[in-house]
Amino acid sequence: MSQTTEQVQNYIQQRYKAGFYTDIESDRVPAGLNEDIIAMISAKKNEPEWLLEWRLKAFHQWQKMIGPNWAHLNLPAIDFQKIHYYAAPKQENRPKSLDEVDPKLLETFDKLGVPLHERERLAGVAVDAVFDSVSVGTTFQKELKEAGVIFCSFSEAVQEYPDLVREYLGSVVPHTDNYFAALNSAVFTDGSFVYIPKDTRCPMELSTYFRINARDTGQFERTLIVAEPGSHVSYLEGCTAPMRDENQLHAAVVELVAKERAHIKYSTVQNWYPGDENGKGGIYNFVTKRGDCREDDARITWTQVETGSAITWKYPSCILRGDRSSGEFYSVALTRNYQQADTGTKMIHLGKNTTSKIIAKGISAGHSNNSYRGLVRMAKRAENARNYTQCDSLLIGKQCGAHTFPYIESFNPSAKVEHEATTSRIGEDQLFYCRSRGLDEEDAVALIVDGFCKEVFKELPMEFAVEAKALLEISLEGAVG
Amino acid sequence: MLKITNLHASIDGKEILKGLNLEIGAGELHAIMGPNGSGKSTLGHVLAGRDGYEVTEGSIEFEGKDLEGMEPEERATAGLFLAFQYPVEIPGVNNAYFLRSALNAQRKARGEEEVDSMNFLKTVRETLGQLKMDDSLLKRAVNEGFSGGEKKRNEIVQMAVLQPKLAVLDETDSGLDIDALKLVAEGINRLRDPNRSFMVITHYQRLLEHITPDRVHVLSDGRIVETGGKELAHRLEAEGYAHLATEAAEA
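First to last, the sequence lines map onto chains R and S. For what it's worth, my numbering labels the leading residue of the first sequence as 1194, then goes sequentially. For what it's worth, my numbering labels the leading residue of the second sequence as 351, then goes sequentially.
No wet-lab data here; the hints were simulated from the structure. Everything hinted at is true.
Not the full set, but computed from the structure, chain R residues with beta-carbon under 8 Å of chain S:
1) E1621
2) Q1623
3) F1625
4) Y1626
5) R1630
6) G1631
7) L1632
8) D1633
9) L1640
10) I1641
11) G1644
Note that the structure is predicted; figures quoted are calculated from it, not measured. For every residue, glycine included, the Cβ atom is placed at its ideal position computed from N, Cα and C.
Given the sequences, and given the hints that come with them, work out the whole structure.
What follows is the structure, encoded as structure tokens:
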């Protein structure tokens, strides 16, 4: 490799460190979407009859639906028949433990900074590693089991805990919910399942790392977290994909169920491949995430740092059903080059004295478009419900856009909704001030952006806050000027 | 230390500095006075290397080195400090973190070792004490929600920590009550050193009561039109700048 090519390579690697591809033989179903394909996926996963029926119901529903057209996004048509809906690394037998997993896969996750080997694991964080359509393995399962906590891949849960899965699957996001949720319900492959028993505080952070590797595939994972009364869990997800010129589809569904006094904290660091500087390639990220504060005093906290994907369409939401239940949404969404993001939340207040808080920070650079879209609904019986929303947009450069679309629907006169919004540009005077103190331009931008995002970063578990900060810094390299 | 020769500078094509000459020796403190719009703040920004301030003619030498083409951060690293007339707010970035990042960025660029947080905090706390500022300031965001006086004193704190060779103070005295003014003056005096120079831009001679300038210059319409000792400041305070226009017209 010549000196220059190498330099360019290094440079690109630095920009998107996770952009490599793992050369591994994969077992795929043929491209296309029909009942046979769905039956094939279901058979591969040895699923019970009811689940296949559920998938097919969703598929029939999906066929009658049209994609969302209301978002502030330029959505290209997606040819759903060209996608392979299942791709898994080839293996003779399903590995029974992490020791039996293909070393190539372990190496991939090593490279991504998510070591799965016993000796190198992150202390205090249990990881479920999902590679294309299947879970490669889950760490610390034994330790968690001792605490009564179930943390495993979705496929394993279907086999081991079918009653739990059947009871809760689709109970928060029905298979008819929306176009992409219906698609996911028909073809979902893997994801994580978490069950925290009554009055149990999960002894460690739980985390799922999603990796798309194969070409012409999509990732359609499903995550289900159930927190019984008085329990507590903090769950994190991270995601990356190789750099490719073609777009790839990611359509996930996440369902959270929080019972009486339970607290679920769900954090995301989303770093899917965003496409190149001309907007070529990248992941289409269409995700439905919803939490149900099903009983009194339940609490759900969503924290997301969204830096990747060519298009992001997601609105992690809370249904505040129980009295005094509370929902929080903390978000940093960064777009650059030609990335588009339309993201926000929905807070549906049903119970009395329910509270919600929304802190959304949008950062736009380059030619990107970044929208906050949020709904706060105070239902008729939501006596004394409270919401506070703060949306701040930061613009870097002159060709990007920031938009705020707040929807407020209040059917109860005692409910209170507060909304604050600001838009600012990284000031030339702020930059000059920092530089005159000795910080170079990139460090100055990173510092200003870090300050802008502080309220959200402080909601992330420590090591992930550090990672999120570093990710923003890398994403912002060369964004000014 | 600083040698400015025939400096012409413009903003958006409009010439503000029109042939300015000025020399400041090591250890000296010079005051720059002059009416509004004479180019005082422009001079400060040109020295610090702000984008949009274009030097069209002449030169600035700092310790024998031409500043032309040097970025603001390179000038800072070389030992130049500008105390802002209007210090800028940076929401969410705490003061201690900001200052330590700045100090370490400079030290790193100079090939020196970074300062650890213990030693850093010790120095800053001392400085804060001297300026009668509360420790809690360290945890607050840079200049956010600071009173006018706090912002100005915070600039002096930064100067004391960064230990520049040349400090340009742009109207650091304006908007200060008499007690704050004394504290700022003391802050400057503590830093006076045979190897450190000051350029103090001010409208009033009251600051000069507390810090003794070696020279006082009058800047008018982009040029130094008069230079004298401390007594010049007194005279300007009594007579104003009106006569400058007349003298300039007569000359």
